[in-house]
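With these hints in hand, go ahead and build the complete structure from the sequences.
Spelled out, the chains give:
There are 4 protein chains.
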Amino acid sequence: MAKLCFGSDYMEGAHQEILARLVETNMMQTAGYGGDDFCAAARERIRTACRTPHAEVHFLTGGTQVNRTVITALLRPYEGVIAAETAHIAVHEAGAIECGGHQVITLPHEDGRLTAHAIERCLRAYHEDANRDHMVRPGMVYLSHPTEYGTLYTMNELEAISAICRANRIPLFLDGARLAYALGCPSNELTLPAIAHLTDVFYIGGTKCGALFGEAVVFPRADTVPHFFTIVKQNGALLAKGRILGIQFDTLFTGGLYERGGAHAVAAADRIRTALAEKGYTLAVDSPTNQIFLLLHAEACAQLSAAVEMGFWERRGTDEMVMRIATSWATRDEDVDRLIALL
Amino acid sequence: MAKLCFGSDYMEGAHQEILARLVETNMMQTAGYGGDDFCAAARERIRTACRTPHAEVHFLTGGTQVNRTVITALLRPYEGVIAAETAHIAVHEAGAIECGGHQVITLPHEDGRLTAHAIERCLRAYHEDANRDHMVRPGMVYLSHPTEYGTLYTMNELEAISAICRANRIPLFLDGARLAYALGCPSNELTLPAIAHLTDVFYIGGTKCGALFGEAVVFPRADTVPHFFTIVKQNGALLAKGRILGIQFDTLFTGGLYERGGAHAVAAADRIRTALAEKGYTLAVDSPTNQIFLLLHAEACAQLSAAVEMGFWERRGTDEMVMRIATSWATRDEDVDRLIALL
Amino acid sequence: MAKLCFGSDYMEGAHQEILARLVETNMMQTAGYGGDDFCAAARERIRTACRTPHAEVHFLTGGTQVNRTVITALLRPYEGVIAAETAHIAVHEAGAIECGGHQVITLPHEDGRLTAHAIERCLRAYHEDANRDHMVRPGMVYLSHPTEYGTLYTMNELEAISAICRANRIPLFLDGARLAYALGCPSNELTLPAIAHLTDVFYIGGTKCGALFGEAVVFPRADTVPHFFTIVKQNGALLAKGRILGIQFDTLFTGGLYERGGAHAVAAADRIRTALAEKGYTLAVDSPTNQIFLLLHAEACAQLSAAVEMGFWERRGTDEMVMRIATSWATRDEDVDRLIALL
Amino acid sequence: MAKLCFGSDYMEGAHQEILARLVETNMMQTAGYGGDDFCAAARERIRTACRTPHAEVHFLTGGTQVNRTVITALLRPYEGVIAAETAHIAVHEAGAIECGGHQVITLPHEDGRLTAHAIERCLRAYHEDANRDHMVRPGMVYLSHPTEYGTLYTMNELEAISAICRANRIPLFLDGARLAYALGCPSNELTLPAIAHLTDVFYIGGTKCGALFGEAVVFPRADTVPHFFTIVKQNGALLAKGRILGIQFDTLFTGGLYERGGAHAVAAADRIRTALAEKGYTLAVDSPTNQIFLLLHAEACAQLSAAVEMGFWERRGTDEMVMRIATSWATRDEDVDRLIALL
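Sequence order for the protein chains is A, B, C and D. As numbered in our numbering, residues 8 to 350 make up the first sequence, in order. As numbered in our numbering, residues 8 to 350 make up the second sequence, in order. As numbered in our numbering, residues 8 to 350 make up the third sequence, in order. As numbered in our numbering, residues 8 to 350 make up the fourth sequence, in order.
Just so you know, not all the hints are guaranteed correct.
The list treats identical chains as interchangeable, and a pair is accepted whether it falls inside one copy or across any two copies.
Here are the simulated DMTMM-like cross-link-like pairs (lysine to aspartate or glutamate), alpha carbons at most 25 Å apart as the crow flies [claimed, not checked]: (1) 10 / 327; (2) 10 / 44; (3) 10 / 31; (4) 10 / 136; (5) 286 / 342; (6) 10 / 341; (7) 10 / 117; (8) 10 / 92; (9) 10 / 277; (10) 10 / 118; (11) 10 / 285; (12) 286 / 230.
Calculated from the structure, these hints are not laboratory results. Remember, predicted model here, so these are calculated numbers, not experimental data.
Below, the structure is given as structure tokens:
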């Protein structure tokens, strides 16, 4: 019997509906670079979902690419981006932000979340420093929802962070690589309209949320970055057959497919969390979305790993490790059953 | 009746075989970032086709992205890349190479081709210049095959350019965004093994040659650029679900699909070229591949454009313009018939 | 007897007055980074000379450094800088502008001068190009006064270029590395107030015009580039003991020393030009400032070079070469006499 | 009576000997860009002092400039530089390293010093991380001697760090902006030959150690970075009249002037330290060189600051602050007497 696989949320292809649309439209001839009707339709659906009729929407192919392109587009040369020290841009993007010329100013986190307090302290410290003209200016705030630890910001938290950014006139960027797993989570407070209202730019992740690949970058206010299209091109982030992205997002935002995929994954994760609790396992993080961080003794870890592929997260001390179980839009109920039986 | 469309070679989706494979493999679970079996199989097929058993093969998502990533990976900070003044990197990549820190050193072209003579003169001029330490060092040569004008290098020409590069110890990079249309062209002399033998890195274009998207970067000698994977990641060019690229190239290199698509397009273009000659049209460039550059008076142009979508290339004088007709792997015979009837 | 030396205009130290001031102020204690009284005084003198009471003035240490810092500060990532193909930034700055991320868009020149016509054509071509969103946007204009060929812009020419820049809302940057030799030239029409009026940023060269080193960057309108000080620091262009630059420019702009040094050099060059004309020499360029470009047969060149150090400029055909004779603020009359005797 | 000034070590001009040499050589004509005899002589003196006859020596104008130029020259795009979290490059260079494309990987410090242990742990963590190909590779180590806190590395410490770097084949770069104050310190163990032996590149600071400005970059092994001259030029760090730097370093390394200036400052600092100890003051750091970090209650601080200019370092809690007293090569004995009287 094949090994169970809960290693990540990008191990399968795409929702069947997406593939069906790609097959069905395959021989149609369309303009390139996102100038086609599918992209136009997808943009319109996203604007509607966000209640931002004038939003500017761009389709890119991956998360690191989006982060690099958006951040370098928004910052001036002397500015850096504030992020949690566990943020994807700080740790797992091979220095893409620095390669684009900017420092990632890392702050302590709470289960992956930035706090308004820490941001405010960082900004105040900069503005009060007599040597600030010799220092990197904090020029924007980056956060992820859900975070790297699968946790969520509350409405109060995002409002507080947004208020600080606006008071300091620096943009707020929300990385939604796993946004479906927030939107599909019962305890999530941040709807798309709320995010569009409180941030200056965010992206709706496709790659990890049911698309073959692709991310939709949303600027709630048009022309936030003049010539953003050219910046996308310059960063090698412009897909020639842009329609492939348009078709995918048009499908994901038809009939609630995007959120439904997320809800499916969260329900599966909830079943696993319940079983873990019943069996006395310890969680390293209290995360309500599709990622579960399990604290295991080395021995228990080796045993479980023999039957289930999990993601290695980190070592704690000499004997314990944190392993990640990720469900997704594609997780099969029978695999969840088998996993629970194994615990 | 719908307007005929010969505007470019990336207006349709992908070969049916590719879509079928994507559908068939959709729910399989695989490792990310190109570490899956499909990518491994595709790499092996490409190595076999190139007769380079030790070649390093990476799959990226688009041409500008490849050019930027490869060129910045190979150059040292003080180096620039030699290219034809009509080269894609010099004109239509929004300054991606400069954004990566490097000058594009442009040389005159012959129907899109660089000449060994011009390259040699450029290198000699640099080395003889008393101020060369204050100048950009020519650090690599970039060419396209087919070129931007649809023309091809002969074996003698590529050998001569390769010899100069090796004598000067600078790498030679061949952009094969439309390589299928060279390989499928009866007059083409440059096979994949010849290209692998004579260059230091090249890419096999998928986007314009029958894939949904994707380009295969081939380093004939492994470890030409240490940590190239990380450089790809840093440039936002690493696809999470790398298998989507692996599946496509595995399919394109099975049963000669890649070359067959190219040959189909060239045959269609040849039929159009014959008709144009018979009807007394003038070509702006003598190109043997899937692109035809037609010189038209403004009036004739307006008339033809009403019925056929072509690509605008350039204005010549006040009354004439060059229009591009591009066929592709997807061009339908009946569309060629209709076009010929319209001429 | 020592060889005569007319190789360049930066072969001596500095005006005696400058050294005297450095000695006299040596043990005074002052704030760093340009926050001292000498810099304040120098800024004020420059503002007065330019009739721009609100100008922002920064002192940097060299020309390439200024060009790189100013250009990267003014351009957005997708923009390039228009310059003559002979411009210093295009040829002799080792790719500093590209290293900062930007293309140098080179246009043909007339004896080193850009023309309003060529700039206008370039801007129109960009704006009319259907693919402009895939291209580098011309984002500023760079010119030198005097040019690399020692020639000068007329008032009409600079007004026309300035008008185009303003109509297109792109800044105009004037490189004044040798500005003293324009200001000291009888035929020069461009005063400091005119330059300040017609450009958005320019620099007053010290290194080649009588200072030990240093250039004064002038933004006629304050806050043209917010946080320019930090950009200077980031580029490694901020001198800790900024007063050394302040003292020099304060001295150069006291009692007309800056212009006087320029006039001295031009008078010396005029004497040489007269002698050359009388003796039937051919000039490669008709330049009225401190640089003389002499067209010589190889044999004559070798003979003259044995006694006089000149700058090699370029080869013309197989037998002729262009050699540069440069005078400076420090040129001694007896050396001019000796040179004339040798011709 | 004028306020006493102990704010920093770059508040005066230069050693009298340096000014005298500048005056004396002022009207000599020399080649530009460091190709003159003064630079040649200075390089030879430095090679002799370091006992590295083949060392490559370059003269640049400031510390941030050196750090940026050297670090970007040595790193590959995917690499970052390890530094203490208090390092100058991490805090006070306005993001110059990130602007050049590289992450500063900060480690905890011990009074400003990096530890071999922390470096080793960082390198091991990278090499053991399963995701290291998605991460910035630690590609060099940067340290300062003296550190930002005026402390010194012991021979054992530098040997241990050097051994780790060599075992990992990454270069070790020592920032010697204040090196004179180490060399002139009785407890310093690291001579120039030891530094040249244990590092791959270092610089001998002039700006803070008695020169008008300037830093000497030493590569103990020639051609460590091919074409470094061009990289210097590209970074805007090449002084046209390079001789001004050559004359200064030639003078500093004649008759031990460099070390003597350092010893003078340390002796002055020692007198102050003795007085502080006698009067019961608390030091924030136990530093043996020319910088003294004094812990003061707000009230005492305000009182002392009224009479003496000190550098503000940091706030500790709500009531205390750390103030820096810096002596230099130029500190006058009577000012030390006055300061001691004030304590």
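Outcome of the hint check:
In this assembly of identical chains, residue 10 and residue 327 lie within 25 Å of each other by CA distance solely inside one copy; the values are 23 Å within and 61 Å between copies. For the identical chains of this complex, residue 10 and residue 44 are inter-copy neighbours only, at 16 Å across copies versus 42 Å inside a copy, given an alpha-carbon limit of 25 Å. Taking the shortest alpha-carbon separations for residue 10 and residue 31, only the inter-copy value of 21 Å comes in at or below 25 Å, while the best intra-copy value is 34 Å. Only between protomers do residue 10 and residue 136 lie at most 25 Å apart by alpha-carbon distance; the minimum there is 24 Å, versus 56 Å within a single protomer.
For the identical chains of this complex, residue 286 and residue 342 are intra-copy neighbours only, at 18 Å inside a copy versus 66 Å across copies, given an alpha-carbon limit of 25 Å. Taking the shortest alpha-carbon separations for residue 10 and residue 341, only the intra-copy value of 13 Å comes in at or below 25 Å, while the best inter-copy value is 51 Å. In this assembly of identical chains, the alpha carbons of residue 10 and residue 117 never lie at most 25 Å apart, being 34 Å within a copy and 48 Å across copies at closest. For the identical chains of this complex, residue 10 and residue 92 are neighbours neither inside a copy (34 Å) nor across copies (44 Å), given an alpha-carbon limit of 25 Å.
In this assembly of identical chains, the alpha carbons of residue 10 and residue 277 lie at most 25 Å apart only when taken from the same copy (21 Å versus 54 Å across copies). Taking identical chains as interchangeable, the C-alpha atoms of residue 10 and residue 118 are never at most 25 Å apart, the minima being 30 Å within one chain and 51 Å between chains. With identical chains, the CA atoms of residue 10 and residue 285 are at most 25 Å apart within one copy only, with a shortest distance of 24 Å there and 65 Å across copies. For the identical chains of this complex, residue 286 and residue 230 are neighbours neither inside a copy (53 Å) nor across copies (49 Å), given an alpha-carbon limit of 25 Å.
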